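Protein chains in written order, with the working numbering: chain A, 578 to 979; chain B, 578 to 979.
Treat the hints as calculated values from the structure; they're not laboratory data. The model shown is predicted, which means the values in this text are computed figures rather than measured ones. It is possible that some hints are incorrect.
If chains are identical, the list can't say which one is meant, so a pair holds when it fits in one copy or spans any two.
To be verified - List of simulated lysine-lysine pairs, DSS-like, C-alpha gap at most 25 Å:
(1) 704 x 717
(2) 592 x 907
(3) 907 x 767
(4) 621 x 631
(5) 621 x 592
Number of protein chains: 2
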Amino acid sequence: MLTVKKFGGTSVADKERIYNVARRCEKAYRRGESLIVVLSAMGKQTDVLIDMAKEINPNPPKRELDMLLTTGEQTSVALLAMAFDAMGIPSISLNAYQVAMHTTRVHGNARLKRIDTDRISHELEAKRIVIVTGFQGVNKYDDYTTLGRGGSDTTAVALAAAMHADVCEIYTDVDGVYTADPRIVKKARKMKEISYDEMLDLATLGAGVLHNRSVELAKKYSVPLVVRSSLNDSEGTVIKEATKVEGMLVSGVAAEKNATRISVIGLEDKPGVAFRLFDLIARAQINVDMILQSIGRDGSKDISFTVPEDVADEAIKILEDNKASLGADKIDFNKNVAKVSIVGTGMMSAPGVAARMFECLYNSRININMISTSEIRVTVLINEKDTERAMIAIHDEFGLED
Amino acid sequence: MLTVKKFGGTSVADKERIYNVARRCEKAYRRGESLIVVLSAMGKQTDVLIDMAKEINPNPPKRELDMLLTTGEQTSVALLAMAFDAMGIPSISLNAYQVAMHTTRVHGNARLKRIDTDRISHELEAKRIVIVTGFQGVNKYDDYTTLGRGGSDTTAVALAAAMHADVCEIYTDVDGVYTADPRIVKKARKMKEISYDEMLDLATLGAGVLHNRSVELAKKYSVPLVVRSSLNDSEGTVIKEATKVEGMLVSGVAAEKNATRISVIGLEDKPGVAFRLFDLIARAQINVDMILQSIGRDGSKDISFTVPEDVADEAIKILEDNKASLGADKIDFNKNVAKVSIVGTGMMSAPGVAARMFECLYNSRININMISTSEIRVTVLINEKDTERAMIAIHDEFGLED
Chain A
578 MLTVKKFGGT
588 SVADKERIYN
598 VARRCEKAYR
608 RGESLIVVLS
618 AMGKQTDVLI
628 DMAKEINPNP
638 PKRELDMLLT
648 TGEQTSVALL
658 AMAFDAMGIP
668 SISLNAYQVA
678 MHTTRVHGNA
688 RLKRIDTDRI
698 SHELEAKRIV
708 IVTGFQGVNK
718 YDDYTTLGRG
728 GSDTTAVALA
738 AAMHADVCEI
748 YTDVDGVYTA
758 DPRIVKKARK
768 MKEISYDEML
778 DLATLGAGVL
788 HNRSVELAKK
798 YSVPLVVRSS
808 LNDSEGTVIK
818 EATKVEGMLV
828 SGVAAEKNAT
838 RISVIGLEDK
848 PGVAFRLFDL
858 IARAQINVDM
868 ILQSIGRDGS
878 KDISFTVPED
888 VADEAIKILE
898 DNKASLGADK
908 IDFNKNVAKV
918 SIVGTGMMSA
928 PGVAARMFEC
938 LYNSRININM
948 ISTSEIRVTV
958 LINEKDTERA
968 MIAIHDEFGL
978 ED
Chain B
578 MLTVKKFGGT
588 SVADKERIYN
598 VARRCEKAYR
608 RGESLIVVLS
618 AMGKQTDVLI
628 DMAKEINPNP
638 PKRELDMLLT
648 TGEQTSVALL
658 AMAFDAMGIP
668 SISLNAYQVA
678 MHTTRVHGNA
688 RLKRIDTDRI
698 SHELEAKRIV
708 IVTGFQGVNK
718 YDDYTTLGRG
728 GSDTTAVALA
738 AAMHADVCEI
748 YTDVDGVYTA
758 DPRIVKKARK
768 MKEISYDEML
778 DLATLGAGVL
788 HNRSVELAKK
798 YSVPLVVRSS
808 LNDSEGTVIK
818 EATKVEGMLV
828 SGVAAEKNAT
838 RISVIGLEDK
848 PGVAFRLFDL
858 IARAQINVDM
868 ILQSIGRDGS
878 KDISFTVPED
888 VADEAIKILE
898 DNKASLGADK
908 IDFNKNVAKV
918 SIVGTGMMSA
928 PGVAARMFEC
938 LYNSRININM
948 ISTSEIRVTV
958 LINEKDTERA
968 MIAIHDEFGL
978 ED
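Isolated chain A, as found in the complex:
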């Protein structure tokens, strides 16, 4: 039995928590399991290092920032190995270079390409717990790279895939995936299981439990994922291939407040206009969601879409700068909007699910601005202030607490 366990920064923030992690691993080790432990940097150390860099250079070169940031995980893995040693458990810490965690070239947001498993296999055979730095890799120039925020989840899943681990456990400060955010929907229920696809939609939509890329990778290599709490022994949520479900179609409700709706009003209705508009946005590396196109009374076109709030100003500026060349009358936007979604495998093949959601919102006097759907998801754009009421109403409507 080989398990990959990933612990986030909060779980290794100080001496006491490092020992908590060590004791939790000890149980599995004493049962005879082989263990790979993936760690993030301690507490807010990554932010501390970024601040340190910006003090020297407000716009630090990314290659050097990665060089600096990778010291964070190297510190936490070494300290955990020292804790294991104090407990009489053999272990070894390995950083991205020692594991040979090959990534693409780009700094700050690299993608994993290949892991050499020789060293890890060798250490596991010697009955050592192998502690690996999350978040970091090495590119073909032997330079350190980082995988972007939440990248340690991806490291853990990639290791589980490469080593053919039986399970990859992601320890976090919540004890699983819920039918809705329990801070908002009091009746929210922890799910025992959820499919990769549903989890992907929940992650994208702001459930915030798992890094999106890690779920994609787990799906690609069929790595069984478990999300569970580092603070208690409760069972957590298993994320795996969809199995046939009878009855329950909607598995969860998620909200994303970090959204801005942008509308380009009065475009001429001729081919290529939409392409030119989204090409401009894409060149700025801005992701667009929930595109809606409508024909105005005078035959002109309006195009609306949402973008993440933190890049909204940039998108608006691009559109204003190109208003003339696009032939648009006006750029309109609203930052006080939220996306609320229901997610469930096979939902689209069951008629009436979307209609039930719309009706429930109508009964709660919540106005729907835009709608988008996928195979396993229905998303509506509503006013931000209605978010919590909408989630509770939908959660009730589909009886998710049972």
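For this one, chain A is given, so just place chain B on it according to the hints.
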């Protein structure tokens, strides 16, 4: 022109000092020099990391301690590269793995074996300043090692040797090597030049400016060394092969208070006794200095020697434990002693130098406990309280202020 510049922890302790280092390098870079800059960890960071480790495990495994400590220099080199970037100077930071700084296996006190110069040469050709982590290496298992305290000096000299640099400049908080410690001997004079051998004796004897191993390495590969201040532009001291000197024979006075005299009294005068005694001490990895053997009135032997004060208790315990088997009557010791030395190339071939030193101490009513000599050095053991008086008197006697 290729220069290696090494800056210690004090020189990179904060943002301002990092920029000081960057500006000093800028001048040389703008003149067209190729530069390799070797850095220690910032300020007292190495001590901070050791404390952090000991909090987790009072006796941390050395392999993991090295894994932790190497983050110190990785941090300082990345920050200096960011400072260069802000100044518009191309540079790149490299750690021991990226440089391929191969060392022996042992952690905490590894020795450099080989440096792959490919990456550094490539970066220098691209007109980048190459910033290298001091103090650290990588062993044949791909594990990080450290070179022991002051190891960054050794890194710098080794790089200068491997890259055939024109000069290796060691920046420190003093502005050169003095004829005596200027805090004690007010008339002490900064030397323009000194030979490797003299510097080695001064380093061993507590002048404390350079790491001993770095001087040995510089001598072995004939690397011209310069010790100079990171705070001002004064010229510093050049350390190189001895050149013929006329007149001046004694170049400096040094003192070492960290010494304990141990005497083993009443040994039987038969072969092998001295060997067994020093074998016992050597097995505990304790270095012995200034050995003196005398025959007592009853035909028994007394053996006296000095050891560093921090291992004195261990040495004394070993001798007490083996008193019976050594056939000794008594173990005696004195911790309040100091070694005072005069150093100078070719000194032994000039008769009367040692006698002048002894006479000068006699005139100052300073008692000599033990004497030892080498080709370029005369050392006396005296009472610790007389150290300063002895240094000033000797400095005067040999006219070192001129």
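Hint by hint, here is what the structure shows:
For the homomeric pair residue 704 and residue 717, the shortest alpha-carbon distance between copies (21 Å) is at most 25 Å, but the shortest distance inside one copy (31 Å) is not. With identical chains, the CA atoms of residue 592 and residue 907 are never at most 25 Å apart, being 57 Å at best within one copy and 48 Å at best between copies. With identical chains, the CA atoms of residue 907 and residue 767 are never at most 25 Å apart, being 45 Å at best within one copy and 76 Å at best between copies. Taking the shortest Cα distances, residue 621 and residue 631 sit within 25 Å of each other both inside one copy (16 Å) and across copies (21 Å).
Within a single copy, residue 621 and residue 592 get their C-alpha atoms as close as 15 Å, and across copies as close as 21 Å, so both meet the 25 Å cut-off.
In the structure shown, a violation is registered for the earlier hints numbered 2, 3, in ascending order.
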